[in-house]
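Trainee: Going down the list, the sequences are from chains P and D.
Here the first sequence stands for residues 2 to 432, where the numbers follow the numbering used here.
Here the second sequence stands for residues 8 to 335, where the numbers follow the numbering used here.
The reader is advised that the hints may include incorrect statements.
As the list claims (entries may be wrong) - Only part of the chain D face toward chain P is listed, based on derived beta-carbon distances under 7 Å:
id, residue
1, Ser-47
2, Leu-110
3, Gln-130
4, Ser-131
5, Gly-132
6, Gly-153
7, Arg-154
8, His-155
9, Arg-193
10, Pro-217
11, Thr-218
12, Glu-219
13, Ala-222
14, Gly-224
15, Phe-263
16, Arg-264
Stated by the list, open to error - One side of the interface only, derived from the structure: several residues of chain P facing chain D at Cβ under 7 Å:
id, residue
17, Glu-195
18, Gly-196
19, Ala-197
20, Thr-200
21, Gly-203
22, Leu-204
23, Met-268
24, Asp-272
25, Phe-273
26, Pro-319
27, Phe-320
28, Pro-321
29, Asp-390
30, Asp-426
In case anyone wonders, no lab produced these hints; they're calculated from the structure.
Note that beta-carbon positions come from the ideal geometry of N, C-alpha and C, so glycine has one too.
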Amino acid sequence: MNISILNGHLIDPASGIDQPMDVHIHGQQIVGLGRPPEGFEAHHTLDAGGLVICPGLVDISASLREPGPSAKGTLETETRAAARGGITTLVCTPDTDPVIDTPAVAELIQRTARKLRRARVLVTGALTQGLDGQQLSNMAALQTAGCVALGNARAPLGNTLVERRALEYAATFGMTVILRPEDPHLRAGGCAHEGAVATRLGLPGIPSAAETVAVARDLALAEHTGARIHFHALSTAGAARQLREAQAARLPVSADVAAHQLHLTEMDIGDFDANCHVSPPLRTLADREALRRAVADGTIAAICSDHQPHESDAKEAPFPETAPGISGLETLLALTLRLVDEGVLSLSEAIARVTCGPAGLLDLPYGRIQVGGPADLCLFDPEAHWTLDSAALLSEGHNSPLDGWEFRGEVVHTLFNGRLVYSRDRNPDDS
Amino acid sequence: MASKTPHDIQLGPDGQLRHFLTIEGLSRDLLTRILDIAESFAALPGRPVKKVPALRGRIITNLFFENSTRTRTTFELAAKRLSADVLNFNVSTSATSKGETLLDTLRNIEAMHSEMFVVRHSQSGAAHFIARHAAPGVSVINAGDGRHAHPTQAMLDMFTIRKHKGDFTPLRVAIVGDVLHSRVARSQILALNTLGVTEVRVVGPRTLIPTEARALGVHVHHDLESGLRDVDVIIMLRLQKERMAGALLPSEEEYFRLYGLTNERLAVAKPDAIVMHPGPMNRGVEMDSEVADGPRSVILQQVSYGIAVRMAVMSMCMQTHAGGGETA
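Construct all of the structure, not just a fragment, from the sequences and the given hints.
Mentor: If you want it as structure tokens, here you go:
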């Protein structure tokens with residue numbers, strides 16, 4: 002099948018293209034940009050007048066819940082949500098049930114996702130068996146089974162020696178280790194940033210130092226072992242500063258930030274809004290501004306959804322007893338575009354942080370538009386205004402604190418491997 | 008732009024009290040009205056008829072997820088003096104331990120036509136959670152949630168202070184001890200500031216004072232003597248034994264030596280300063296027995312005023328739901 006996408010404005014930060022340009026697709030591949038290749042005949046044309054054509058988004062961290070309790074989500078539901086969010090490549094976290102510590106689980110997820118054909122699902126293998134933080138996983142086998150990185154999700158590593166060995170062993174195979182930096186002792190029973198709001202509401206606090214202490218330790222071990230570390234979901238100004246200094250010293254370290262962390266602060270908890278219960282916690286305005294600066298100057302090269310879908314019961318309890326997390330796939334692009342409106346990023350930079358930025362961190366050949374590459378595209382209307390109705394999210398998790406927010410910029414079409422997997426005005430799966 | 012209008016769940020359309028969850032967001036007028044109404048009930052024990060028929064035939068449920076004999080008893084007495092029927096549920100020992108969720112428990116008890124829940128729970132925000140999910144027409148009174156709030160305790164303390172001092176505005180108040188874990192302290196600070204006192208101080212070691220304590224509108228002292236100097240009211244907080252295990256304090260002995268209230272230390276406060284304690288008190292840890300039993304101590308009065316204040320809050324909330332109108 003040949004498709005021509007006409008009259009759109011193409012933005013591909015990886016190649017620097019930012020101009021009106023047609024895209025021609027044959028099968029799963031892009032075969033022409035601008036003029037169609039010789040002899041190309043389109044069977045279908047898609048009018049992208051008024052729309053931006055950008056690479057399909059790459060989300061470097063999403064919890065997709067399969068295998069695991071289906072009430073929180075399945076690959077079926079979550080890839081559908083991803084398609085609506087313009088995301089064509091997802092890197093799923095290893096905290097499935099059972100966890101991704103064997104080739105069988107890694108392969109099961111990839112096989113199921115391939116059948117669904119709605120998004121490319123890549124997997125992060127567990128760094129330790131059962132995420133227990135003690136015994137190293139069979140990293141070489143996980144790599145062979147397709148794992149693109151290793152990590153321990155939100156589970157802490159038992160001690161510094163285990164961390165050192167895990168980094169060294171992963172480095173043996175050239176694998177990137179994704180760490181969520183948090184000192185479990187300083188976190189203790191905390192559920193909100195240790196600041197003015199937690200003080201007012203009497204919520205057990207998580208100090209900023211829980212993150213910066215861990216980052217300092219991890220950086221020292223990165224230097225010692227030479228391992229490649231990627232920090233997931235930074236939340237503090239201090240960690241952004243530490244990372245900037247480490248990068249200046251040429252350590253091979255990178256980071257992402259969750260999209261919501263660039264917009265919400267501890268103040269949004271209001272009177273115990275459990276949808277604002279997230280880990281790491283929402284922090285102060287000063288932290289948010291420092292994270293925005295780090296995203297703007299490229300210290301933080303990726304914005305991720307940190308998608309954590311939950312069934313409604315998980316949020317129906319007193320705040321400290323609720324499950325942390327936000328269902329974020331369907332708001333990743335909107336929250337990123339909002340940074341353009343708020344003067345933090347140019348449009349091209351914003352797109353880079355959710356396409357070639359994250360892809361580059363894991364050396365993935367996605368998140369770019371090039372002849373011969375996969376036809377993964379997101380077409381969005383930069384002027385469309387819409388209001389989020391969290392009840393209408395396609396994700397199984399409707400847990401979003403952004404209910405009622407008004408956004409500018411809406412996904413109109415998503416193509417994955419040359420296939421239209423989402424259209425705003427109709428559901429392609431129904432046709 | 009994002010907009011979450013912070014609608015105060017505690018107040019009805021005309022600004023009357025619907026629920027009593029926290030002091031935060033309540034006006035000085037409303038707090039004063041609670042104290043005034045409590046004043047009218049406080050006279051009752053001296054009369055031959057101790058009951059008023061205000062809530063005859065209505066059902067009030069004590070829903071305690073955390074044990075507290077004293078608080079539950081005063082709520083029960085308050086409800087009975089208002090002629091209400093009282094149900095007592097100690098949920099820690101029944102349903103939730105069998106896997107029933109908090110909401111299931113709530114729905115079951117609502118089915119018994121209870122019009123008011125008096126809730127105590129170990130988690131901050133539990134009372135707000137229950138109020139948000141309660142059926143229309145059901146009031147929730149917070150009898151203590153985690154470290155968050157204990158507003159009726161704070162109001163009975165305000166009642167005690169007003170009894171002794173009259174006007175709030177010239178007062179300096181020191182709250183001493185484990186402010187970090189204290190829902191009582193949070194509610195007291197809010198109430199004192201709303202009622203317009205001159206100064207609220209918190210006194211304790213850094214491990215027991217919240218990092219952002221100043222955001223609560225208090226002055227922080229780490230030295231007891233400077234904290235007590237020239238104050239009119241001293242509120243001593245209870246020290247839980249488990250604070251030693253959590254590496255927050257080295258020992259009770261050292262705590263008493265630094266922050267325990269003795270007659271000698273009391274001397275730096277105003278000559279007519281009163282000493283309060285929300286109880287239960289650890290003698291020889293928070294204060295010397297000679298202070299606790301001395302002429303400046305008003306600790307036992309606090310307990311008896313508790314019933315009047317709880318009657319006031321209950322009747323105000325129930326009147327609201329009965330279709331408005333002022334409580335007499």
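Trainee: Look at each hint and say if it fits the structure.
Mentor: Hints versus structure:
| no. | hint | result |
| --- | --- | --- |
| 1 | Ser-47 | violated (31 Å) |
| 2 | Leu-110 | holds (6 Å) |
| 3 | Gln-130 | holds (4 Å) |
| 4 | Ser-131 | holds (4 Å) |
| 5 | Gly-132 | holds (4 Å) |
| 6 | Gly-153 | holds (6 Å) |
| 7 | Arg-154 | holds (3 Å) |
| 8 | His-155 | holds (4 Å) |
| 9 | Arg-193 | holds (6 Å) |
| 10 | Pro-217 | holds (4 Å) |
| 11 | Thr-218 | holds (6 Å) |
| 12 | Glu-219 | holds (4 Å) |
| 13 | Ala-222 | holds (4 Å) |
| 14 | Gly-224 | violated (10 Å) |
| 15 | Phe-263 | violated (26 Å) |
| 16 | Arg-264 | violated (27 Å) |
| 17 | Glu-195 | holds (6 Å) |
| 18 | Gly-196 | holds (5 Å) |
| 19 | Ala-197 | holds (4 Å) |
| 20 | Thr-200 | holds (4 Å) |
| 21 | Gly-203 | holds (3 Å) |
| 22 | Leu-204 | holds (5 Å) |
| 23 | Met-268 | violated (10 Å) |
| 24 | Asp-272 | holds (5 Å) |
| 25 | Phe-273 | holds (4 Å) |
| 26 | Pro-319 | holds (4 Å) |
| 27 | Phe-320 | holds (4 Å) |
| 28 | Pro-321 | holds (5 Å) |
| 29 | Asp-390 | violated (14 Å) |
| 30 | Asp-426 | violated (26 Å) |
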